[in-house]
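Student: For reference, the chains in residue letters:
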Amino acid sequence: MEPLKIPATGRTPEVDFDFAAGILRLSGESYPDDVATFFGPVFAALRSFLEKPGDHPVRFDMELLYFNSSSAKALMNIFQMLETAARDGRSIAVTWCYEENDESMQELGEDFAEDLRHVAFTLKQVPADGAS
Amino acid sequence: MLAEQYAAIKRDLDDKGIVFSFSGYLSEGILYSLGEALREKMTLEETDGPTVRRVFSVFVEQMQNIIRYSAEKVTGSTAKSVELSAGMVIIGMEGGKVFIVCGNTVINTDVPRLRERLDYLKGLDKDAIKTYYREQLREAPEEGSRGANIGLIEIARRASEPIEYDFHAMDGERSFFCLKVRI
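Quick mapping for you: the protein sequence lines, in order, are chains A and B. Counting from 380, one number per residue, gives the positions in the first sequence under the numbering used here. Counting from 953, one number per residue, gives the positions in the second sequence under the numbering used here.
Please note that a few of the clues may not be correct.
What the hints assert, rightly or not - Now the stretches of chain B that chain A is said to cover, found in silico as 3 or more residues with beta-carbon under 8 angstroms: (1) 998-1004; (2) 1007-1018; (3) 1076-1086.
Claimed, not checked - 20 angstroms max Cα-Cα, derived EDC-like pairs, lysine to aspartate or glutamate: (4) B/K1082 x A/E482; (5) A/K503 x A/D490; (6) A/K384 x A/D467; (7) B/K1082 x A/D467; (8) B/K993 x B/E1046; (9) A/K503 x A/E442; (10) B/K1082 x A/D434; (11) A/K431 x A/E442; (12) A/K452 x A/E493; (13) A/K452 x B/E1091; (14) B/K1049 x A/E482; (15) B/K1025 x A/D494; (16) B/K1078 x A/D412; (17) B/K1082 x B/E1046; (18) B/K1049 x B/E997; (19) B/K1078 x A/E486; (20) B/K1078 x B/E1068; (21) B/K993 x A/D395; (22) B/K1025 x A/E479; (23) B/K1082 x A/E493; (24) B/K1082 x A/D494; (25) B/K1078 x A/D413; (26) B/K1049 x B/E1113; (27) B/K1078 x A/D508; (28) A/K452 x B/E1087; (29) B/K1078 x A/D490.
Hints were generated in silico from the structure; no laboratory data involved. Built from N, CA and C at the ideal position, the CB exists for glycine as well.
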């Protein structure tokens, strides 16, 4: 399956989904003026990837620094898709990165992870890069 | 006269600790530009990253609430309409804390539901807000809400003191709504 690569903009995250390698990554900030327009193609690509049977383990790196509440809903959608695929037997590991001292982002990671039963979820503290 | 008149307005803003103020038509473009200026200013003042993001988060949710729910809007007739919504946003410092005030007109019939939501949020402690956020994250959005509920929870969650809000009747149809958040 073709990779999905969307470069970051001032208010949308970088999407780097290497489906062949099973390595998916979202990084940066997310507060699009229209959440549905931005996340629509992301959901579609992810859904069709997860629907195809595969024994390749999937790694999802969430490296977001900030997202608004409408993006939170979109992220929840992604988590639910991943959980469903993991429940159906796919090996899926999600790493949620947050900068040291950023308790808000750490807690948000826990909010998403709360009802994951089949996805292997890890919280990972990374050093602050000094930028906001 | 001219300079004197506006100097008085400026002095009044300065005295209230107001750093940024904007009144007029707000759009997603203005949100972006004002937000960048806000973050740059805080970063120059060596505010730590998590605090900058907390303030920024409240700012974005407040601005998007105005853009989406202000009862005073201009929409173009072109295919790709820009949403211009009247309102005001004020950011300042008070007792060492950043505060953000947003104001916009709302339809009177929407007031009871909004007040009820805010009263409910105000009554929750930190842990209860977190639990409520988690619940709402998993809920399908209400008809016509465009995600307002979780936005208000996000605001309450980042606030360091209980949120303050008020409604001022303008006429038989509209009220002015104000929300003040200290971070």
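Student: Does the structure keep A/K452 and A/E493 at a Cα separation of 20 angstroms or less?
Tutor: 15 angstroms, holds
Student: Take a quick look at whether B/K1025 and A/D494 sit within 20 angstroms of each other, Cα to Cα.
Tutor: 40 angstroms, violated
Student: Hinted pair, alpha-carbon criterion (20 angstroms max): A/K503, A/D490. Please report holds or violated.
Tutor: 15 angstroms, holds
Student: What's the verdict on B/K1078 and A/E486, does the C-alpha distance respect the 20 angstroms limit or exceed it?
Tutor: Holds, because 12 angstroms separates the two Cα atoms, which is no more than 20 angstroms.
Student: Holds or violated: B/K1082 and B/E1046, Cα atoms, limit 20 angstroms.
Tutor: The hint is violated at about 26 angstroms.
Student: Keeping to a limit of 20 angstroms between CA atoms, is the pair of B/K1049 and A/E482 held or broken?
Tutor: 18 angstroms, holds
Student: At a Cβ distance under 8 angstroms, does chain A reach at least three residues of the stretch 1076-1086 of chain B?
Tutor: holds (count 3)
Student: Mind checking the alpha carbons of B/K1049 and B/E997 for me, to see if they're no more than 20 angstroms apart?
Tutor: 14 angstroms, holds
Student: So if I understand the rule, the pair passes when the alpha-carbon distance is 20 angstroms or less; does A/K452 with B/E1087 pass?
Tutor: Distance of about 11 angstroms is within 20 angstroms: holds.
Student: Compare the distance between the alpha carbons of B/K1078 and A/D413 with 20 angstroms, and conclude whether the hinted pair is satisfied.
Tutor: Since the Cα atoms of B/K1078 and A/D413 sit roughly 30 angstroms apart, the hinted pair is violated (cutoff 20 angstroms).
Student: Within the stretch 998-1004 of chain B, is the number of residues with a Cβ closer than 8 angstroms to a Cβ of chain A three or more?
Tutor: Coverage by chain A holds here, the residue count being 5 at a Cβ distance below 8 angstroms.
Student: For the pair supplied as a hint, A/K384 and A/D467, confirm whether the alpha-carbon distance does not exceed 20 angstroms.
Tutor: 26 angstroms, violated
When each numbered hint is compared with the structure, violations occur for hints 6, 7, 10, 11, 15, 16, 17, 21, 22, 25, 27.
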